[in-house]
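> Each chain, letter by letter, is given below.
2 protein chains.
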Amino acid sequence: MITIKEIAARLGMSTTTVSNVIHGKTREVSAETIERVQKFLEEVEYVPNINARNLAQGQSKIIGVVLKSLDFRLWHSSNILNDPFVSEMIGGIESAVREAGYYMMLYISDDIAEIIQRISIWNVDGLILFCMMDDDGNRVAAKYHKPMVCIDTYSSEKKDDFVNVGLDDEKSTCEAVNYLIDNGHRKIGFVTDNRVGVDRARFWGYRKALAEAGIEYSDRDFFLLEPAEEAHGRNIEKLCRRARDYTALFCCSDIYAAIMMSALKERGLRVPEDISIIGFDDNLFSRVCTPRLTTVHQDADRKGRVAVQTLIGMITGKAPATKKIRLETRLVIRDSVRKIE
Amino acid sequence: MITIKEIAARLGMSTTTVSNVIHGKTREVSAETIERVQKFLEEVEYVPNINARNLAQGQSKIIGVVLKSLDFRLWHSSNILNDPFVSEMIGGIESAVREAGYYMMLYISDDIAEIIQRISIWNVDGLILFCMMDDDGNRVAAKYHKPMVCIDTYSSEKKDDFVNVGLDDEKSTCEAVNYLIDNGHRKIGFVTDNRVGVDRARFWGYRKALAEAGIEYSDRDFFLLEPAEEAHGRNIEKLCRRARDYTALFCCSDIYAAIMMSALKERGLRVPEDISIIGFDDNLFSRVCTPRLTTVHQDADRKGRVAVQTLIGMITGKAPATKKIRLETRLVIRDSVRKIE
DNA sequence: TGCCGGGATGGAAGCGCTTACATGAATCTG
DNA sequence: CAGATTCATGTAAGCGCTTCCATCCCGGCA
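These protein sequence lines are chains V and R, in that order. The first sequence runs 1 to 341 under our numbering. The second sequence runs 1001 to 1341 under our numbering.
Take the hints with a grain of salt, since some may be wrong.
[What the hints assert, rightly or not] 30 Å max Cα-Cα, derived BS3-like pairs, lysine-lysine: (1) V:Lys-143 x R:Lys-1339; (2) V:Lys-61 x R:Lys-1187; (3) R:Lys-1146 x V:Lys-5; (4) V:Lys-39 x R:Lys-1143; (5) R:Lys-1339 x V:Lys-61; (6) R:Lys-1146 x V:Lys-143.
Derived by calculation from the structure, the hints in this document are not laboratory data.
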């Protein structure tokens, strides 16, 4: 690896001059010198040592992306990336980070302390935090004074002071459940694997829709997919048995919808003839299951990109117009809901 | 951020001593000094500046993970992470990297030159390369003299000189197709979206199985999912029409299997009654589609972990026992293949 | 007593880069 | 034409850390 010093020596000039042309300070260097240096740089395929640069500049050009996995001890997998929603979002983040000339460092952990430790070491310029757990956003923000934007993070505290991009989960869900109600459904179950964050907001949307339609809610209407691996079989068996009392299920993600649909069909229930199902996310699952899933569409890729753009704005000194950035959703109607006459 | 210098000053000692205790050089420092320093470090929550450290040591502690996306201009998505196989593998890599005390930097790009550029900048200690394109492994290795291990990378050149972890794709596929043949199938199609790398190896396995059973192969048996977005509809329509002449399809991934299954069922064909389907990977898709998919199981998480372990071995000066590391597969029999009497 | 060895500590260079500031030449202004 | 201004380039300090080497002290040994 050739260094700036070496280049300067070979060209018979100072490192300052070389550095200046590298940084495009055209008014400090004569045109011919620029030309000469640039040609030489290409010739030797100069690559800067970014550690040295960062040390000198006190920055890092790294954006830390934190996935708190504990919250996502998913029913179907211990790997948070296996959720297509997450992987698509990461894809969006990665592209946006790259296009902005930054680098992305990915941290997956269930321990916020460990994460902060690892991030601090690299002195990242900013942070994207994806964790559903209440108040982790606040906790990290309090500890770590760098630009940060959260994705899909809710807070139960009054003074949540982090920038957050997400959806209006309550409203989206309310609309979806209203769609079921409009189609004549009255016995509607709510399927999730947790009681926090996004899913809780969706739960309240579900409750709101029921209430507005004068449908009473009972705890039995809450279908909890349990994460414990060994309980899968029994858990799903029990849920399917309970589902027979319902004409429709709202599922907090397409994965759950696909899992439930598959399990119900295996036990002889027909979708949507016997039971209607509605999902959330609109990822590939919703298109390859049979029947194709009616679901709430959101743009995960865009969610990631918006988070990055907002963050980089903050890094470069631009406060976001609003702290709660909300993306649009829309109900995509396919074949998994039937109309009850 | 407190620095070593500051700490040394506050403690009335030299930076050398502080550095020594940080690095656990116990024989260079007296027990009581160690004690004092450690206590102080904790007190002020010292975090090293890794840029400075790396600069001084000429290392980086970063493992670069490169996904070459062009090869994966997937039929169903432009985001390579959306393939559950990939996301699970990344999950494995991430865990292994973290557990080994390294950091992971993820690069997704379709341009090898750009990737090398970005990697060189960070002076990564080693590289994990995931790209199906022939010979990219060789090209990167020739250009970039750092430890590197490829995943699922094939080479058409004689002198492929990179370490590679993958499967015996040919054998795995051969076994799967033999299973179809044993079940009485003679008209067996091969479904993929490309003609390179892993899928080509699988193709030869498929051909081998046919040949051994005395079944003639014709180009018509090759079902190509075309990536071009606008052609999806027509493409899938045509494939489904052609599929009516077959009693079974071998698909190079569970995703393709799920997509084909869904499309076929939409057009009134029953799986497996009218047509049997077999997939590859054994990811979540295979379990939530109906009927549940018979598929070749591989352990993507392990693939990632093995790659990392091998790489770190190389970084620390341990050559791998073999350059071609092959993981096991096994056929998982579920419900998507029927026996023809 | 004088010398040696080793344990504990410190001094200082250097990793590759950026940047504030200095220098000197050329150009401009009234 | 003196002084001010601009342009082009160089000098050197410093970013925070590691590490080679020097120094000093003390006990052991002949």
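> If a hint holds in the structure, say so; if it does not, say that too.
Going down the list of hints, with the structure as the test:
With a C-alpha separation of about 62 Å, the suggested pair Lys-143 (chain V) and Lys-1339 (chain R) falls outside the 30 Å cut-off, and the hint is violated. For the suggested pair Lys-61 (chain V) and Lys-1187 (chain R), the alpha carbons sit about 56 Å apart, so the restraint of at most 30 Å is broken. Between Lys-1146 (chain R) and Lys-5 (chain V) the alpha-carbon distance is near 24 Å, which keeps this suggested pair within the 30 Å criterion. For the proposed pair Lys-39 (chain V) and Lys-1143 (chain R), the alpha carbon gap of about 21 Å is at most 30 Å, so the pair holds.
Distance check on the hinted pair: Lys-1339 (chain R) and Lys-61 (chain V) sit about 58 Å apart at the alpha-carbon level, beyond 30 Å; violated. For the proposed pair Lys-1146 (chain R) and Lys-143 (chain V), the alpha carbon gap of about 37 Å is over 30 Å, so the pair is violated.
Violated hints, in rising order: 1, 2, 5, 6; the structure is consistent with all others.
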